[in-house]
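Listed in order, the protein sequences are those of chains A and B.
The opening residue of the first sequence carries number 0 in numbering that gives the first Met the number 0; numbering runs sequentially from there.
The opening residue of the second sequence carries number 0 in numbering that gives the first Met the number 0; numbering runs sequentially from there.
Worth flagging that the hints you see were computed from the coordinates, not collected in a lab.
Misleading hints may appear alongside valid ones.
Treat identical chains as interchangeable: a pair holds within one or across any two.
In silico SDA-like pairs for lysine to any residue, Cα to Cα no more than 20 Å straight-line [stated by the list, open to error]:
#1 K43 to Q240
#2 K43 to P147
#3 K65 to F241
#4 K43 to V261
#5 K43 to G226
#6 K43 to Q258
#7 K43 to D236
#8 K65 to P228
#9 K43 to F241
#10 K65 to E214
#11 K43 to S219
Here the structure is a predicted model, which means the values were calculated and not measured.
Protein chains: 2
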Amino acid sequence: MGRAIGVFDSGVGGLTVLRAIREKLPHEATVYLGDTARVPYGSKSPEVVARYSLNNARFLLQHDLKLLVVACNTATAHALPALQAALTVPVIGVVEPGAQVAAALTRNGRIGVIGTAGTIASGAYQRALEAAAPGATVFASACPLFVPLAEEGWTSGDLPRAVAERYLGALRGSVDTLVLGCTHYPLLRGAIAEVMGPGVTLVDSAQATAAAVAERLAASGDRETGGDPSHLLYVTDIPAQFPSIAEAFLGSRPEHVEQVDV
Amino acid sequence: MGRAIGVFDSGVGGLTVLRAIREKLPHEATVYLGDTARVPYGSKSPEVVARYSLNNARFLLQHDLKLLVVACNTATAHALPALQAALTVPVIGVVEPGAQVAAALTRNGRIGVIGTAGTIASGAYQRALEAAAPGATVFASACPLFVPLAEEGWTSGDLPRAVAERYLGALRGSVDTLVLGCTHYPLLRGAIAEVMGPGVTLVDSAQATAAAVAERLAASGDRETGGDPSHLLYVTDIPAQFPSIAEAFLGSRPEHVEQVDV
Chain A
0 MGRAIGVFDS GVGGLTVLRA IREKLPHEAT VYLGDTARVP YGSKSPEVVA RYSLNNARFL
60 LQHDLKLLVV ACNTATAHAL PALQAALTVP VIGVVEPGAQ VAAALTRNGR IGVIGTAGTI
120 ASGAYQRALE AAAPGATVFA SACPLFVPLA EEGWTSGDLP RAVAERYLGA LRGSVDTLVL
180 GCTHYPLLRG AIAEVMGPGV TLVDSAQATA AAVAERLAAS GDRETGGDPS HLLYVTDIPA
240 QFPSIAEAFL GSRPEHVEQV DV
Chain B
0 MGRAIGVFDS GVGGLTVLRA IREKLPHEAT VYLGDTARVP YGSKSPEVVA RYSLNNARFL
60 LQHDLKLLVV ACNTATAHAL PALQAALTVP VIGVVEPGAQ VAAALTRNGR IGVIGTAGTI
120 ASGAYQRALE AAAPGATVFA SACPLFVPLA EEGWTSGDLP RAVAERYLGA LRGSVDTLVL
180 GCTHYPLLRG AIAEVMGPGV TLVDSAQATA AAVAERLAAS GDRETGGDPS HLLYVTDIPA
240 QFPSIAEAFL GSRPEHVEQV DV
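Next up, chain A with everything else stripped away, as it sits in the complex (with noise of 0.2 Å):
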């Protein structure tokens, strides 16, 4: 394979965020790895997470990277300026960019975040729009059922659309964008669009990431433009679920998945 784009996350979630780099960009090589057997993140210390996150971008780069994606929201919260420092690839995180495109897209100044506990509590995407979008007046709100909905593949139906209206009714009158700040939320993203109605536009951090990634490279002349480029897929540990959650994180099944101690 040629140099590739590496991503890890502490699990599935950055599967999204995978997805949406390999639609964005259809000839370049991918590896992915998933720290599963030390997720979640989010509970952990900083100083922890970093240093898993320095573990996992030291395995990614036995391969021959061309850029390196954190696709963990907790990882970039708190890792992303310890690896940029410490690794000579360009090192791309998840928060900017979603953070980048709401404001770009914002007509009121009013935008909204959903996440994780962990991730909301850290305040990293709200430091991210307040420094993105000068002014605005931010709106966050954890939503900690929706991973386990999505994990269960509950993404449609009564159920998931009465979360969504439990923990997103009393925003929609006060936003005009939504960042889904959680790379599990793109699976819930018909039941979130629903609930917030016509008037909201939702920002998919994982759709921010890619089209981030894709600039970044046209920038440097390393976008790959023909070919039917390699997909390799690593993870710490294999749960009994994992095929079908990869799956439906991934929207098709995974060619190769490897277990691996990092």
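Position chain B relative to chain A; hints supplied.
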């Protein structure tokens, strides 16, 4: 304070066990430790869970304990024998008492058990049920949304009932007894009972554990029969929502909460 009952859990769930113990044994002093900084244990290796469990036990043993309760299914599955071997006080876990009660109550030998994905995958309840009720047929099912539902306080109404229907609908006709094999589930007892119907007996592990503690103290002559005991509550981290969650799990506002390193 006199000799107390020590209780530890990976987080807040064990407060349902503490509550059952305090209701059943109102004259006993208690000391609780919730390892909220390192929660959840379910995604950690058995070796790490055993090490953390020994840490927790040693912290509690700085108090004068008459008995230690492991109010965490994962810690019971991975560390109970190690704790019993290492400590001189009696140690009671949450798995065996629930299995014993279910074995005594089933009429047709068809017993269900529900818990987190980690507890069900560990097989601890299945083994305990097969030992307590030889020849019984055991149905085990993981219910990942129940913990976040309980922690959100969404315990009554349409939403928990719809989630319970989705998890338990298929189990309804198969069992006459169902073990609530997770310390969070007593909060959802109403929704679970409605979905399972009046023909199914629910076994609350917290109640069963409290009964086992009472029996053990009675047998050794260590039971307090009078006095107004003190109750101490320690946690390794105090998350923002801790006071309201703790109140929901404990049934009353905790008198004393202190953050400690263990």
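Checklist entry - Which numbered hints does this structure break? => result Violated hints: 3, 5 and 11; rest satisfied.
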